[in-house]
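> Sequence:
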Amino acid sequence: MYELIETHGVPIKAWIRGVPCEEGAKRQLRNLATLPFVYKWVAAMPDVHQGRGSTVGCVIATKGAVIPAAVGVDIGCGMMAVQTELGRDNLPAGLAHVRTAIERAIPHGRTNDGGRGDVGAWDGGAPARAQRRWQQLLPGYTRLVKQHPGLRHRDPECQLGTLGTGNHFIELCLDERDQVWFMLHSGSRGAGNRIGTYFTVLAQKRVANAGVKLVDRDLAYLEEGTPEYDGYVEAVEWAQEYARVNRELMMEAMTEAVRKQLRAIPRVVQAINCHHNYLARESHFGEEVVVTRKGAVRARADDMGIIPGSMGARSFIVRGRGNPESFNSCSHGAGRAMSRGDAKRMFTLQDHARATRDVECRKDADVIDETPMAYKEIDAVMAAQSDLVDIEHTLRQVVCVKG
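If you're matching positions, the sequence shown starts at 1387 in the working numbering and goes up one per residue.
If you are wondering where the hints come from, they were derived from the structure by calculation, not from laboratory data.
This one's a predicted model, so the numbers in the text were calculated from it and none came from an experiment.
A portion of the hints provided could be inaccurate.
[Stated by the list, open to error] Dumping the calculated BS3-like pairs for lysine-lysine here, alpha-carbon to alpha-carbon at most 30 Å:
#1 1591 <-> 1646
#2 1449 <-> 1532
#3 1412 <-> 1426
#4 1412 <-> 1646
#5 1591 <-> 1412
#6 1646 <-> 1749
#7 1449 <-> 1426
#8 1646 <-> 1599
#9 1730 <-> 1749
#10 1426 <-> 1599
[Said to hold, decoys possible] Just the calculated beta-carbon pair ranges, DEER-fashion:
#11 1583 <-> 1772: 14 to 20 Å
#12 1525 <-> 1646: 33 to 39 Å
#13 1667 <-> 1403: 27 to 33 Å
#14 1509 <-> 1653: 28 to 34 Å
#15 1509 <-> 1749: 23 to 29 Å
Even for Gly, the Cβ is constructed at its ideal location relative to N, Cα and C.
Could you put together the complete structure from these sequences and hints?
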């Protein structure tokens, strides 16, 4: 059940019982609640934590306006999970070569391509399967760039089918019956970042020119009925499709890489692909609204979703319960308990190695900020949202590739 956070705006309903919620996140939620176009209330998920402009782990429905920073710059970021017919017995005792095969198959992390500083792009252009999918995305991209030249990104094609950096990851997991799952987390890469940044700055300029005073400039909005609003919605929908295709391409590459290592065909039982940073036109309480989920997954009745834990922690495949109080939403993960800088200062390589001892993954200093202790306890997060989702499968990672 939710708790009410004190506010001078619309109500804030927060599913944070038994889960820490820092004051900075509450302050951001209160700021959101003061905006006149927010519909009914603000919903905060149990993984809620402070973000830029809008809190990560929050859901708002709006009428008449949208806030670009409330979606953020990783537009369409989300999860994909595939349940296979493989079992634990199909995996070798040591999984290092499986991780290496996945890392070779999918560009990830930060690379330096000819001095351009690209983040995880394909060398020499995208492979044929990505090029085919890019041709399907290209007409929409061309139309967007023609209308808004500032949206042009140097290599959206070369980043299609690549992971990126930060908290993006690829995992091989086992469920409660020791069935093998493939799981990954990524979004719309540099193209989505360009869209989010461009329209956030545009919204800030328009609000400033109109003389509107905001408690946080990152809450600048675009009003419905304007070309800027229409352009943003179209761009976000394109980026969401790019993100979905991006995850599908990586899953294909991962499946092929694992097949070659195991000499077994990983036939698919089910596949789930869901966004958690996005806009959607939906109907709630008899009204047509735009729902913004930043770090939240749609959880209508029987919707399948993915809630990952951190490296070394459990993850969950869930089924939505269609709770209208949350605008049919649930958390998108465990949620950070501390900043990346604090994690690097607080934990050692030995701490990280102990926390991930059962996972074939990186144990170096560059992933300390992603160590399990930097995140909230996933079991507490799941308990706090028991009225939002039902757990279908519980996964444990055995291989993790970090961006």
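> Take the C-alpha atoms of residue 1730 and residue 1749, compute the straight-line distance between them, and say whether it is at most 30 Å.
Answer holds: residue 1730 to residue 1749 is near 13 Å, not above 30 Å.
> Is residue 1449 close enough to residue 1426, meaning Cα to Cα at most 30 Å?
Since the Cα atoms of residue 1449 and residue 1426 sit roughly 10 Å apart, the hinted pair holds (cutoff 30 Å).
> For the pair residue 1509 and residue 1749, does the Cβ-Cβ distance stay inside 23 to 29 Å?
For residue 1749 against residue 1509, whose Cβ atoms are near 27 Å apart, the range 23 to 29 Å holds.
> Has the given pair, residue 1412 with residue 1646, been kept, meaning a C-alpha gap of at most 30 Å?
Judged against 30 Å, a Cα distance of about 48 Å means the pair is violated.
> With a cut-off of 30 Å on the C-alpha distance, tell me whether residue 1449 and residue 1532 pass.
holds (28 Å)
> Is the gap between the beta carbons of residue 1583 and residue 1772 within 14 to 20 Å?
Given a distance of about 37 Å, which is not inside 14 to 20 Å, the answer is violated.
> Is the gap between the beta carbons of residue 1525 and residue 1646 within 33 to 39 Å?
holds (35 Å)
> Please verify whether residue 1412 and residue 1426 have alpha carbons no more than 30 Å apart.
Answer holds: residue 1412 to residue 1426 is near 18 Å, not above 30 Å.
> Should the hint that residue 1667 and residue 1403 are 27 to 33 Å apart at their CB atoms be regarded as holding?
holds (31 Å)
> Compare the distance between the alpha carbons of residue 1646 and residue 1599 with 30 Å, and conclude whether the hinted pair is satisfied.
With a Cα-Cα distance of about 58 Å, the restraint between residue 1646 and residue 1599 is violated, given a limit of 30 Å.
> Going straight from one Cα to the other, do residue 1426 and residue 1599 come out at no more than 30 Å?
holds (22 Å)
> Do the alpha carbons of residue 1646 and residue 1749 lie within 30 Å of each other, as the hint requires?
holds (25 Å)
Hints 1, 4, 8, 11, counting from the list given before, are not met by this structure.
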